[in-house]
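Undergrad: Whenever a hint applies, use it, and build me the whole structure from the sequences.
Chains A and B, in that order, give the protein sequences. Residue 53 in numbering that gives the first Met the number 0 sits at position 54 of the first sequence, and the numbers go up by one each step. Residue 45 in numbering that gives the first Met the number 0 sits at position 46 of the second sequence, and the numbers go up by one each step.
Calculated from the structure, these hints are not laboratory results. The structure displayed is predicted, hence computed values, not measured ones. Even for Gly, the Cβ is constructed at its ideal location relative to N, Cα and C. Wrong hints could be hidden among the right ones.
[As the list claims (entries may be wrong)] Mimicking DMTMM-like on lysine to aspartate or glutamate, the simulated pairs with C-alpha atoms at most 20 Å apart in a straight line are:
| hint | chain 1 | residue 1 | chain 2 | residue 2 |
| --- | --- | --- | --- | --- |
| 1 | A | 201 | B | 33 |
| 2 | A | 86 | A | 103 |
| 3 | A | 86 | A | 166 |
| 4 | A | 203 | B | 33 |
| 5 | A | 66 | B | 161 |
| 6 | A | 198 | B | 161 |
| 7 | A | 201 | B | 34 |
| 8 | A | 198 | B | 33 |
[Unchecked claim] Chain B is nowhere near these chain A residues, computed Cβ spacing over 12 Å in every case:
| hint | residue |
| --- | --- |
| 9 | 32 |
| 10 | 34 |
| 11 | 161 |
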Amino acid sequence: MNKSVFVLSIILTIFFCNLLFAHKINLYAYAEGKKVFIRGYFREGSPAKNASIEVFTSDGKKALDLKTDEKGECFFEAPFRTDFLIKIDTGDGHSAEYLLKSSELPSDLPPYKGTFFSEIAKQTTNEQLQNPPKTETALSLSEERLRAIVEEAVERKIAPLRKMVLEIEAKEGAVFEKILAGIGIIWGFFGFYLFLRMKIKKEK
Amino acid sequence: MHIAEGVLSWWVLTGGGVAGGTGVAIGLVKMKNEEIPKVAILTSGFFIASLIHIPIGVTSAHLVLNGLTGILLGWLSFPAIFIGLTLQALLFQFGGLTTLGVNTFNMAIPAVISFYLFGWGVKRENRFLSLVCAALAGGSSVLLSAILTALSLSLSGKAFNEIAIALVGAHLPIAIAESIITAVTVGFLRTVKPEIFWIRRTENE
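TA: Pasting the structure below:
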């Protein structure tokens, strides 16, 4: 009677573990036009609040230091088109990385030349002062400008879809099966280990 | 508590690897064949326990169960926790693979310490003493693991005081939960299968 209670309680524990399960910090980012949205959260859904975010450019230089808000989110405006490596760190050993590819950013952003955000910001303002944007009529819409407009519109439509896909990808799947696999491997390993030891004992 | 990849400096990883590896070797040498099923049970328990999460403040913390593992296994906690951590890293990407040594050491050495500090009391006839020792083992092991984790992180360049306070603080509720769980489990085992304690006693006393 006592033994079966023990076994039953173990089985019930395994089932209930499915509800309160694994945490690992997760990070993803997506771009809507120039704006890059970043979100950090733990596998069971709780947001990574006030976590420090570091944004690196494709040559490894740190471009920005940010902090996530109460919802675990933050954003920045990309001034040029490059791969951004985004890192999150909650300070207690949890960290994760996400690479935002330059292909997600609009193609009319200037390419990365190796200078930092603040300098780029200064550069762009100077350029804007010296070269004010040309007014265009419908007839003289350049192919480039048209391409950028279409891209922006498509990107705006795709961004929520991309966010959905990332969230689905990030959810931990098959937890119960993995727990069973882990327990099976543990018993298999120890069983085989015991077998080897008994074999050695017999040979002695 | 499960330190991820890419957070620690290489020399902390190496030192942790040596410390963890030594512990595992000691555990394997001391392991008797009759104890292997017991080790397997506690490895499974440890494996599952770390998957139970409680969001606390900024971060979230998980059960460790190294106190219970320590009382029942002593030095055998090292191989048990090592295998548990390896499978967690492989199946759930929980904790890194390069950090296995450090994580094993941080979680297993408090288990061994609990065995020496509180193991004797758990095996006594006096049920109250036994449960108190079990509770103390459960709570202290978690907190010691948290401190060692903070130490590992600080040796890799982070401010020790802030992390230590954050980690220990986050694990205080866990420590309380674990002391209760450990005491209840020990009480249950004393009733149902007291041999589980006596086996180790005949080896070590």
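Undergrad: Confirm or reject the statement that residue 32(A) sits farther than 12 Å, beta carbon to beta carbon, from all of chain B.
TA: Consistent with the label, residue 32(A) stays out of reach of chain B, its closest Cβ about 31 Å off (over 12 Å).
Undergrad: Quickly compare the C-alpha distance for residue 198(A) and residue 161(B) to 20 Å and report which way the hint goes.
TA: violated (52 Å)
Undergrad: Regarding the pair residue 201(A) and residue 34(B), is the alpha-carbon distance no greater than 20 Å?
TA: With a Cα-Cα distance of about 18 Å, the restraint between residue 201(A) and residue 34(B) holds, given a limit of 20 Å.
Undergrad: When you look at the beta carbon of residue 34(A), is every beta carbon of chain B farther off than 12 Å?
TA: holds (25 Å)
Undergrad: Run the distance test for residue 203(A) versus residue 33(B): straight-line Cα separation, threshold 20 Å.
TA: Distance of about 18 Å is within 20 Å: holds.
Undergrad: Sort out whether residue 33(B) lies within 20 Å of residue 201(A), counting only the CA atoms.
TA: Answer holds: residue 201(A) to residue 33(B) is near 15 Å, not above 20 Å.
Undergrad: Could you grab the alpha-carbon distance between residue 86(A) and residue 166(A) and see if it respects the 20 Å cut-off?
TA: Distance ~18 Å between residue 86(A) and residue 166(A) Cα, so the pair holds.
Undergrad: Within a Cα-Cα threshold of 20 Å, do residue 66(A) and residue 161(B) meet the stated pairing?
TA: holds (17 Å)
Undergrad: Please work out if residue 86(A) and residue 103(A) have their alpha carbons no farther apart than 20 Å.
TA: With a Cα-Cα distance of about 18 Å, the restraint between residue 86(A) and residue 103(A) holds, given a limit of 20 Å.
Undergrad: Measure nothing beyond the straight line between the CA atoms of residue 198(A) and residue 33(B); if it is 20 Å or shorter, mark the hint as holding.
TA: This hinted pair holds, its Cα atoms lying about 14 Å apart.
Undergrad: Going by Cβ atoms, does residue 161(A) stay more than 12 Å from chain B at every point?
TA: holds (22 Å)
When each numbered hint is compared with the structure, a violation occurs for hint 6 only.
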